[in-house]
Amino acid sequence: NAGVTQTPKFRVLKTGQSMTLLCAQDMNHEYMYWYRQDPGMGLRLIHYSVGEGTTAKGEVPDGYNVSRLKKQNFLLGLESAAPSQTSVYFCASSDGPKLFFGSGTQLSVL
Amino acid sequence: SQQGEEDPQALSIQEGENATMNCSYKTSINNLQWYRQNSGRGLVHLILIRSNEREKHSGRLRVTLDTSKKSSSLLITASRAADTASYFCDPRDSGGSNYKLTFGKGTLLTVNP
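Protein chains in written order, with our numbering: chain A, 1 to 110; chain B, 1001 to 1113.
If you're looking for bench data, these hints aren't it; they were derived computationally from the structure. Errors might be hidden in some of the hints.
[Said to hold, decoys possible] Below are the DSSO-like pairs computed for lysine-lysine, each with C-alpha atoms no more than 30 Å apart in a straight line:
| hint | chain 1 | residue 1 | chain 2 | residue 2 |
| --- | --- | --- | --- | --- |
| 1 | A | 57 | A | 70 |
| 2 | A | 9 | B | 1105 |
| 3 | B | 1056 | A | 98 |
| 4 | A | 57 | B | 1070 |
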């Protein structure tokens, strides 16, 4: 039972490049979330989904897009990466009060 | 949904000592959870306490909840170096959306060997 799996674990981008982060969960959870964590800022919610085919904006959605075409996958896209998007990204899923987190993706935008 | 505020922001103790951290929140809750985050890793769920509970134990962890003060505390007894991590609380509202979940900055606990 893998839980929540994020790929890739590390990535370096140049300003203006695009990329997609993949989050996959094998627990049949309805809810999925994308967070970013910056030093001294805690975790900030980017986008979330309450079920397959649904997405909604969180606290800091600008510059990101998401899709939930399959229940088990939640994709986070950066269309034109900026240095301000250098961060650690975490995906989480839940089907109740308890959240299950992935191990994170460290993204650097140069 | 609401965000908990952890206090203190940082705590440094010696191995074997107890560590206490606190969480405050603003509106009435259904339950409250604590998570641990080791450096560079995802959050891991530690314990959930419901609004009708005042205290809960799990191994070396003891959580208390005071709904009249809108606060919770997490006590780690006989701390170990492996307890070094950031700790976050997650208060869940009694009503309204529980989807837009945000977290505070956490308490960074350092346990010195």
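In rising order, the numbers of the hints this structure does not comply with: No hint contradicted; all consistent.
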